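Based on the hints, put chain B with the ligand in the right spot on chain A.
What follows is the residue order along each chain.
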Amino acid sequence: MSKYNLNHLRELEAESIFVFREVAAQFDNPVILFSGGKDSIVMFHLAGKAFFPAKVPIPLLHIDTGHNFEETLIFRDNLVKKHGVKLYIGSVQKTIDAGRVQEETGYNASRNVLQTTTLLDAIEEYKFDAAIGGGRRDEEKARAKERFFSHRDEFGQWDPKNQRPELWNIFNGKKRMGEHFRVFPLSNWTELDVWQYIYMEDIEIPSLYFTHKREVFNRDGVLLSTAPFMKLKPEEKAEILDVRCRTIGDITNTGLTRSKADNVKDIIEETAAERTTERGKRFDDKRSETAMEDRKKEGYF
Amino acid sequence: MENNTYDSNGYLDMELLRFTTAGSVDDGKSTLIGRLLYDSKSIFEDQIEAIERASKNKGKEEADLALLTDGLRAEREQGITIDVAYRYFATPKRKFIIADTPGHIQYTRNMVTGASTANLAIILIDARNGVVEQTLRHAYIASLLQIPHLVVCINKMDLVAYEEDVYDKIKKQFMGFAPKLDTKDISFIPISALVGDNVVERSKNMKWYEGATLLHLLENVYISGDHNHVDARFPVQFVIRPQTDEYHDYRGYGGRIDGGIFRVGDRIKILPSGFESSIQSIDTLTESLETAFAPQSVSITITDDIDVSRGDMIVKANNIPLQSQDITAMISWFNERPLQVRGKYSLRHTTKDVKCMIQEVKFKMDINTLERNYEDKTVKMNDIARIQLRTTQTLFFDSYRKNRNTGSFILVDEVTNETVGAGMIVERQ
Ligand SMILES: Nc1nc2c(ncn2[C@@H]2O[C@H](COP(=O)(O)OP(=O)(O)O)[C@@H](O)[C@H]2O)c(=O)[nH]1
Numbered sequence: 004m005s006k007y008n009l010n011h012l013r014e015l016e017a018e019s020i021f022v023f024r025e026v027a028a029q030f031d032n033p034v035i036l037f038s039g040g041k042d043s044i045v046m047f048h049l050a051g052k053a054f055f056p057a058k059v060p061i062p063l064l065h066i067d068t069g070h071n072f073e074e075t076l077i078f079r080d081n082l083v084k085k086h087g088v089k090l091y092i093g094s095v096q097k098t099i100d101a102g103r104v105q106e107e108t109g110y111n112a113s114r115n116v117l118q119t120t121t122l123l124d125a126i127e128e129y130k131f132d133a134a135i136g137g138g139r140r141d142e143e144k145a146r147a148k149e150r151f152f153s154h155r156d157e158f159g160q161w162d163p164k165n166q167r168p169e170l171w172n173i174f175n176g177k178k179r180m181g182e183h184f185r186v187f188p189l190s191n192w193t194e195l196d197v198w199q200y201i202y203m204e205d206i207e208i209p210s211l212y213f214t215h216k217r218e219v220f221n222r223d224g225v226l227l228s229t230a231p232f233m234k235l236k237p238e239e240k241a242e243i244l245d246v247r248c249r250t251i252g253d254i255t256n257t258g259l260t261r262s263k264a265d266n267v268k269d270i271i272e273e274t275a276a277e278r279t280t281e282r283g284k285r286f287d288d289k290r291s292e293t294a295m296e297d298r299k300k301e302g303y304f
Numbered sequence: 006m007e008n009n010t011y012d013s014n015g016y017l018d019m020e021l022l023r024f025t026t027a028g029s030v031d032d033g034k035s036t037l038i039g040r041l042l043y044d045s046k047s048i049f050e051d052q053i054e055a056i057e058r059a060s061k062n063k064g065k066e067e068a069d070l071a072l073l074t075d076g077l078r079a080e081r082e083q084g085i086t087i088d089v090a091y092r093y094f095a096t097p098k099r100k101f102i103i104a105d106t107p108g109h110i111q112y113t114r115n116m117v118t119g120a121s122t123a124n125l126a127i128i129l130i131d132a133r134n135g136v137v138e139q140t141l142r143h144a145y146i147a148s149l150l151q152i153p154h155l156v157v158c159i160n161k162m163d164l165v166a167y168e169e170d171v172y173d174k175i176k177k178q179f180m181g182f183a184p185k186l187d188t189k190d191i192s193f194i195p196i197s198a199l200v201g202d203n204v205v206e207r208s209k210n211m212k213w214y215e216g217a218t219l220l221h222l223l224e225n226v227y228i229s230g231d232h233n234h235v236d237a238r239f240p241v242q243f244v245i246r247p248q249t250d251e252y253h254d255y256r257g258y259g260g261r262i263d264g265g266i267f268r269v270g271d272r273i274k275i276l277p278s279g280f281e282s283s284i285q286s287i288d289t290l291t292e293s294l295e296t297a298f299a300p301q302s303v304s305i306t307i308t309d310d311i312d313v314s315r316g317d318m319i320v321k322a323n324n325i326p327l328q329s330q331d332i333t334a335m336i337s338w339f340n341e342r343p344l345q346v347r348g349k350y351s352l353r354h355t356t357k358d359v360k361c362m363i364q365e366v367k368f369k370m371d372i373n374t375l376e377r378n379y380e381d382k383t384v385k386m387n388d389i390a391r392i393q394l395r396t397t398q399t400l401f402f403d404s405y406r407k408n409r410n411t412g413s414f415i416l417v418d419e420v421t422n423e424t425v426g427a428g429m430i431v432e433r434q
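Those protein sequences? They're chains A and B, same order as listed. Taking this note's numbering, the leading residue of the first sequence gets 4, the next gets one more, and so forth. Taking this note's numbering, the leading residue of the second sequence gets 6, the next gets one more, and so forth.
Hints were generated in silico from the structure; no laboratory data involved. All values reported here derive from a predicted model rather than from experimental measurement. Honestly, I wouldn't trust all of these hints.
To be verified - Derived coverage of chain B by chain A (criterion: at least 3 residues anywhere in the stretch with Cβ under 8 Å from a Cβ of chain A; other residues may be distant): (1) 18-26; (2) 256-263; (3) 410-416.
Glycine included, each C-beta is placed from N, C-alpha and C at the ideal position.
Next comes chain B alone, as it looks inside the complex:
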């Protein structure tokens, strides 16, 4: 056998996992990300040299791993708007995308943004402080955005003498409000991001912990079920008409499968027209496919000559989505100008662009206590609320719980063109 540390074909089996990290300031988020990157050997020499230099300047002996995520930190210290930054690392098993979002109260909007595409959320708790108000908020946002997997890392175990009792107590505290969350898969790991216990290497200081290390969990958590593979949904994104001699009559519908599985020959329905047809072919540049599934980008042709355009949705004839002009949704507000009741906004749902009017704010969510506020209904930046709106055209959608793609939308200010809110459609009451 060849002795090769890197198997250049191994990557063909690598999966992609997207995760976010949340924690209060100083819980050790930067240190943890730095530790993951460092111990998985994803940091380049020039970056290590740069942080060693910076650490020395600050009078530190060892390289301060937190400095690796320094870009955001500097901004935070200057009190400037903080944003989401994306970081990448890979192990032979998976490629990881970290949406690094700051945990301060004002930054709900960033956390929501980072959470929208994540498979997994890591929530950090300082072992000395236990569950705090912000822990609740972070867990709620992860649950609201339907991140399938939640990992609660109880950090700084070195500062509580690696006591099992401390860990157990915090775990119990967290489980106390877990029923309020809509997250099925919750794990707990006692770690020390600074020393490295249970991050990449198993801890020698916590023999009592029998679970996985954080990296092991990230590499092995089952994510194949994270996409909805039941309800076939294909929003038409772009009509492909080559108009060449070779493909004279070709009319393909380009798009990304938002849910379910499509097969050649499947009986399909086109919305909003309601016409039925069958799938003739599923094409990509390199091959024609028999089946295609979320989240593949493909081009679909159908057997009948029906007019289909961007914004339409192709679904299986026997499994159609909800349809309505009246939408109830949880909304996360991003803009300094509060949400205007009776106000008009552009609404973008899948590949469809419509206008809408906000009918009513039903309640505002107090994300620190998870209580509903029916009194103060002014929805300001970083607020989360349940609203009712009416669109100018019928939307075809699923509840956000059922499908994160066909159940989500954004609101755009018609004057400034800014993205002012993100909506998650609630199951019909």
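For reference, chain A alone in the conformation it holds in the complex:
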């Protein structure tokens, strides 16, 4: 490589930092959607780079389904303390208690869809005008056409058929009152890029990503963790296996992978050899072919 050339991770990093600074300049009240998963952790790391040596001037928002892995919450609270950022929490339980949405019932009940209402309520309550998410275009086909700066109407809805063209590195964040933007600094990253970057930058991640013994059960080919609120079907058997998370979300739809990887390097090698997409392990996306696009139109992450 020539002296004046960046490797692909540094080029992606430069692009993401540019996006963060653009958000800080173009919006009055942006927020970073923080789930405690690797993508949001990498996002926060990039935000740190964008504003160094100042503190990250953008607060975090966690949409809490109430069905979290304990480790995620501990990790989140430590990060908030260490970096002195403000954390907002949108509680799905409160949204349910307020009668704004109805809890699903049955074995496959999930609070995943309900999060959308909680998220939109939080955006309205705190008057956030840009919500920065860790979505990547390689995750899913509906995301492949998503913009860096994605316009949402006053109802928080996405119109994939009528998006603003996005050229060069010029981002148009102009909007009317009540409208907001979703911004995706990691648009061009792949799962492997994220892991390589975590390795290169030595970024701390929750222990859930590394192998550990956990009580799990197999539902339709996906290994799910047991939890007090997870009902097993009669034919399902809980067993203890060596597993790790490929993505971290709500317990009810986070599929676990059998793995012995106990360090980032092993995870990179596993990811490079992996033969299924990351979202293939997410229970929520198995529901229908257009599940993601439908949820996104409504205002999902």
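For chain B with the ligand alone, kept in the frame of chain A given last:
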């Protein structure tokens, strides 16, 4: 030696290449992208299973690789607005980003969008049809957007018995209008996307072709020169003021280098104020740098206490950009409402936001014949035209040919806030 198929440190030398694909409907664009992803083993099992299932449903024996890019196809069949979709794959040498844009006439706007960040464009030609009107249009857009490398893939060679003559004839046809293009690096490859000849694997059916396969070319084309490393340009994006005890007086200018190389100690000029100073430090979270170059994102501090804000540009004192309120540009129009002469728009150039008025449409480009039209000057959606506009404040810019970042701008409708046009600044006449 360890026998490891994946070298987990190898990625540190990987470069990033962005490319677009263009072709008329049915030239084999989807099949080619599918073939690249499939043969480079970038497709996951669940995706392969899904297309095998879909192919069976359609009564096909083999997996139809074109279905991999099915999202867009479905929309096309329903006649809905088609958009740009981005796809990713990697080999041990490079990571690739494909801006997948549909090739139909109405979609100039998508092609322009996809082309704006591309290092390379692939243009597909059906070997049975040769160069057609759309080939010309695609090549023109690649040239207008200054995509540095153009690869013309002559596809479906299996349907013309892999004849060298057919390939030669099409290549000649294309070279016939190449002088009208502003592209220096043009390559030709005879391929069969369906069978796989010369895509990832060398063709056994075309021994007469001695050039590279498409993937080999994508992995090796020299892209270090794609950024302008001569004219140092740093649009200030965000002023960083920590105001903490440790960094009490720190005032850093955050931004992305749009051209050239900056070094600590360099004599610089700040525009529009014209004040001169020197670079004190170039900072990132993990280290302080001695030099920084495009397209790095850094924070720069200067030795003097001068007021600098977003929208200003830091340049080397001995190499300043053009400056004017009167801009001549090629414009690509995106909106259903035609361009309004005498109309006012917001204009965003680098990190600067100004207002402008359209003075005049000089001519419209007929992108099928590459003739200039001085009669009909109504600039409608998907049209390309040369315009003259005047801004409320002075812009500091380079011609688009010299620098794709400091030479480009977008126009935004002041009422709807939509991005209605993209401009490429023409060298001063
Ligand atoms: N024989 C042959 N057929 C091809 C080749 N490439 C594509 N096709 C076929 O041409 C048709 C259109 O291809 P597709 O990839 O869908 O074209 P697109 O409209 O450009 O995306 C399909 O039936 C393909 O199977 C090729 O190299 N040889």
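Here is how each hint holds up against the structure:
| no. | hint | in the structure |
| --- | --- | --- |
| 1 | 18-26 | holds (count 4) |
| 2 | 256-263 | holds (count 4) |
| 3 | 410-416 | holds (count 4) |
The structure fails none of the hints (numbered hints given earlier).
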